[in-house]
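Peer 1: The primary structure of each chain is shown beneath.
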Amino acid sequence: MTTPLIKAHGLRKQFISYKKNPGIMGSFTSFFKRNPVYKDAVKGFNLEVNKGEIVGLLGPNGAGKTTLMKMFTGIIVPTEGELKILGSNPWERDKNFRKRIALVMGQKSQLWWDIPAMDSFLLLQKYYEVSNDHFKQRIDKMSSLLGVEELLHIHVRKLSLGERMKMELMASLLHNPEVIFLDEPTIGLDLVAQENIRNFIKDYHRETDCGIIITSHYMQDVNALCDRLVLIFDGEKGYDGTLEDFEDILGSDKSVSFSFKEAQNLEHPLFQGLDTTWNDERTNVDIRLPEEDLCLLSAKIISDLPVEDFATEKLPIERVMKELMNNPEILRQRRGSLKSV
Amino acid sequence: MLKKLSHYWDVYKKFVSTSVSVETSFRTSFILLIFMDFFFFFSSIGSVSFIFDHVVNIGPWEKNQLLFFLTFMLMIDNLHMMIFSQSFWEFSFHIKTGQLDYVILKPMNTIFSVFFRHFRASSLFNTPLFLGYLIYYGIQVNLTAFDWVMLPFLIVLSLALLVVIEFILSTSMFWLTDGMGINFLRMQMQQLARWPNFIYQGLIRKVLTVVLPILLVGSGPVHFLLDKNAWQLLATMVVALVILTFVLLATWKVGLRRYDSASS
Numbered sequence: 063m064t065t066p067l068i069k070a071h072g073l074r075k076q077f078i079s080y081k082k083n084p085g086i087m088g089s090f091t092s093f094f095k096r097n098p099v100y101k102d103a104v105k106g107f108n109l110e111v112n113k114g115e116i117v118g119l120l121g122p123n124g125a126g127k128t129t130l131m132k133m134f135t136g137i138i139v140p141t142e143g144e145l146k147i148l149g150s151n152p153w154e155r156d157k158n159f160r161k162r163i164a165l166v167m168g169q170k171s172q173l174w175w176d177i178p179a180m181d182s183f184l185l186l187q188k189y190y191e192v193s194n195d196h197f198k199q200r201i202d203k204m205s206s207l208l209g210v211e212e213l214l215h216i217h218v219r220k221l222s223l224g225e226r227m228k229m230e231l232m233a234s235l236l237h238n239p240e241v242i243f244l245d246e247p248t249i250g251l252d253l254v255a256q257e258n259i260r261n262f263i264k265d266y267h268r269e270t271d272c273g274i275i276i277t278s279h280y281m282q283d284v285n286a287l288c289d290r291l292v293l294i295f296d297g298e299k300g301y302d303g304t305l306e307d308f309e310d311i312l313g314s315d316k317s318v319s320f321s322f323k324e325a326q327n328l329e330h331p332l333f334q335g336l337d338t339t340w341n342d343e344r345t346n347v348d349i350r351l352p353e354e355d356l357c358l359l360s361a362k363i364i365s366d367l368p369v370e371d372f373a374t375e376k377l378p379i380e381r382v383m384k385e386l387m388n389n390p391e392i393l394r395q396r397r398g399s400l401k402s403v
Numbered sequence: 646m647l648k649k650l651s652h653y654w655d656v657y658k659k660f661v662s663t664s665v666s667v668e669t670s671f672r673t674s675f676i677l678l679i680f681m682d683f684f685f686f687f688s689s690i691g692s693v694s695f696i697f698d699h700v701v702n703i704g705p706w707e708k709n710q711l712l713f714f715l716t717f718m719l720m721i722d723n724l725h726m727m728i729f730s731q732s733f734w735e736f737s738f739h740i741k742t743g744q745l746d747y748v749i750l751k752p753m754n755t756i757f758s759v760f761f762r763h764f765r766a767s768s769l770f771n772t773p774l775f776l777g778y779l780i781y782y783g784i785q786v787n788l789t790a791f792d793w794v795m796l797p798f799l800i801v802l803s804l805a806l807l808v809v810i811e812f813i814l815s816t817s818m819f820w821l822t823d824g825m826g827i828n829f830l831r832m833q834m835q836q837l838a839r840w841p842n843f844i845y846q847g848l849i850r851k852v853l854t855v856v857l858p859i860l861l862v863g864s865g866p867v868h869f870l871l872d873k874n875a876w877q878l879l880a881t882m883v884v885a886l887v888i889l890t891f892v893l894l895a896t897w898k899v900g901l902r903r904y905d906s907a908s909s
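Line by line, the protein sequences are chains A and B.
So for the first sequence, the numbering used here puts the first residue at 63; every next one is plus one.
So for the second sequence, the numbering used here puts the first residue at 646; every next one is plus one.
Errors might be hidden in some of the hints.
For lysine-lysine, the following DSSO-like pairs were computed, each having C-alpha atoms within a straight-line distance of at most 27 Å [unchecked claim]:
1. B/K659 - A/K203
2. A/K161 - B/K659
3. B/K898 - A/K188
4. A/K198 - B/K648
5. A/K69 - A/K146
6. B/K741 - A/K82
7. A/K170 - B/K658
8. A/K101 - B/K741
9. B/K648 - A/K161
10. A/K157 - B/K741
11. A/K146 - A/K157
12. B/K741 - A/K170
13. A/K316 - A/K362
14. A/K220 - B/K659
15. A/K146 - A/K161
16. B/K649 - A/K188
17. A/K157 - B/K648
18. B/K649 - A/K198
19. A/K69 - A/K157
20. A/K146 - B/K898
21. B/K658 - A/K220
Derived from the structure by calculation, the hints contain no laboratory data.
Note that this is a predicted model, so its numbers are computed, not measured.
Isolated chain A, as found in the complex (with noise of 0.2 Å):
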């Protein structure tokens, strides 16, 4: 048996802020006594991860996805529980353990702004100890993949968010690490440039066989990449499974698309008892239906009405997860079912 690269167990991450009170009476009564709020970002958390796993990490804003990236990668100590990564702690910052991880947030830079991003490169070549040899192979190839040869000697300020993006993938990589953990690393950038990351981290998975946590709000990321799926929610773990699990946990229900060639009635009785969303204009209907239903009821409206274009599809992740990021309760309700089980 392996051991996991993650192993995460009761991990807990409280932080304390303080309460002031707007205004220039607020800032004087706060400067003498200050109210402390407690809270706990990440609670009761257990997590495990093999070789070769991308897990997603997903869950509304302040959920404590980058708070679980921080205590991953030893920036920050848990305050409670127990954590290998590597079969280290990570917080003990042992240099070994530092050379075989990355980390890559979306909203924050290793790369100095004011010179090239080749300048940064070469400064981590000698933080990480990587020879001269595999360097240039390194940047040669993570260049051409991601289509910025070009751009490495131009500095980092001229350059677009998608291209500091791919920069700071590179820097990550450079020193070859077992485990990656990305933090949003698509946030802001157009269609193209997600996709051009997504490809190139699904590259760099194949080849490397690495363990890669990714936490994002775009579900095309996940639905790329992950073969897991770990949800949380106010810093519990909602959900930890397969994307087509995920998928069912609203149940076995289709979501069918109709589009017609003119305004329907809403109140037409086809539609009365359904689950629907349409568009302003009437002319486009989802139903969120049982599967047993499909095909009779697509059958009726063909038939009944003047369809253009109709196309069915599982339930979207994206529906999936506004449902639950709307309704936590159903994850508990599961959770609850399962164990009666």
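With chain A fixed as given, assemble chain B onto it according to the hints.
Peer 2: This is chain B only, laid out in the frame that chain A set:
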């Protein structure tokens, strides 16, 4: 050990080259910094010379002895500006913004990664001037051959004591988050050390010699060079450096554990 030193030296060379690359990107600022150091040097020398136009001695020292002390401290200041100064300011900014995250991740000693990161090449242009004056006043106070051999080592020792005290003060930023107050306190400490210890009396002198031994930075080596009977101050300085290094390592470790990082 040699391999480790060589690794740190390789990284440091890159710190220097990337810092030079950044600094020279902004040419006017680069030149203004050279002039700033230049004016600071001559205003310091000028002030002391002016005082000695009206008095013969300050404490036990006559003009050349005090100017030797001052040029010794200005030399320390020049090296401090060149090697460390900017890193102190960046450190407080990095704590506040969470940029320290990436520094912590680097596979090196974090004290090294934090405080040796920024090199100010502009200060290098004034080093020959500072050194020239130090040598000139060294000749005026009749340094012996032994003193000249000792001088570079004493400069390194003084700089080491000064920055270790400043590192310890800066460590408090892990708790305070905002580093403005600490950075100004640091600068005041430097200001105190720019005058010989006999300027201060009573409890203040004792505190600044034993508890926060900032007065030893210049006074320890210069008293020793001018009078070999004053070796106790130098010995105190070495002991203080060793003790404070341990204090720094311990507080830094606790500080790092305290680091919360800024949210994304």
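Peer 1: Next, verify each hint and record whether it holds.
Peer 2: Results of checking the hints against the structure:
For the hint pairing B/K659 with A/K203, the CA-to-CA distance comes to about 23 Å; that is within 27 Å, so the pair holds. A distance of roughly 18 Å separates the Cα atoms of A/K161 and B/K659; the hinted pair therefore holds under the 27 Å criterion. Restraint check: the Cα-Cα separation between B/K898 and A/K188 comes to about 24 Å, which is no more than 27 Å; the hinted pair holds. In summary, the hint linking A/K198 to B/K648 is supported, as the alpha carbons are separated by about 23 Å, within the 27 Å threshold.
This hinted pair checks out: A/K69 and A/K146 have alpha carbons roughly 5 Å apart, not beyond 27 Å. Distance restraint check for B/K741 and A/K82: the Cα-Cα separation of roughly 18 Å lies within the 27 Å cut-off, and the hinted pair is therefore satisfied. In summary, the hint linking A/K170 to B/K658 is supported, as the alpha carbons are separated by about 25 Å, within the 27 Å threshold. For the hint linking A/K101 to B/K741, the alpha-carbon distance of about 20 Å falls within 27 Å, and the restraint holds.
Between the alpha carbons of B/K648 and A/K161 the distance comes to roughly 17 Å, so the proposed pair stays at or under 27 Å and holds. Simply put, A/K157 and B/K741 have alpha-carbon atoms about 25 Å apart, close enough for the 27 Å limit, and the pair holds. Straight-line distance between C-alpha atoms of A/K146 and A/K157 comes to about 15 Å, which keeps the hinted pair within the 27 Å bound. Proximity of B/K741 to A/K170 is assessed by CA-CA distance (about 13 Å); at most 27 Å being required, the pair is judged to hold.
With a C-alpha separation of about 17 Å, the suggested pairing of A/K316 with A/K362 holds against the 27 Å cut-off. Proximity of A/K220 to B/K659 is assessed by CA-CA distance (about 22 Å); at most 27 Å being required, the pair is judged to hold. Among the hinted pairs, A/K146 with A/K161 is consistent with the structure: their alpha-carbon atoms are about 15 Å apart, no more than 27 Å. About 12 Å separates the Cα atoms of B/K649 and A/K188, which keeps this hinted pair within 27 Å; it holds.
As the CA atoms of A/K157 and B/K648 are separated by approximately 14 Å, the hinted pair is consistent with the 27 Å bound. Restraint check for B/K649 and A/K198: the C-alpha separation of about 23 Å stays at or below 27 Å, so the hint holds. Pair hint A/K69 plus A/K157 holds up; C-alpha atoms about 20 Å apart against a cutoff of 27 Å. The suggested pairing of A/K146 with B/K898 holds, with an alpha-carbon distance near 20 Å, which does not exceed 27 Å.
With a CA separation close to 25 Å, the supplied pair B/K658 and A/K220 stays within the 27 Å bound.
Consistency with the previously given hints is maintained throughout, with no hint failing.
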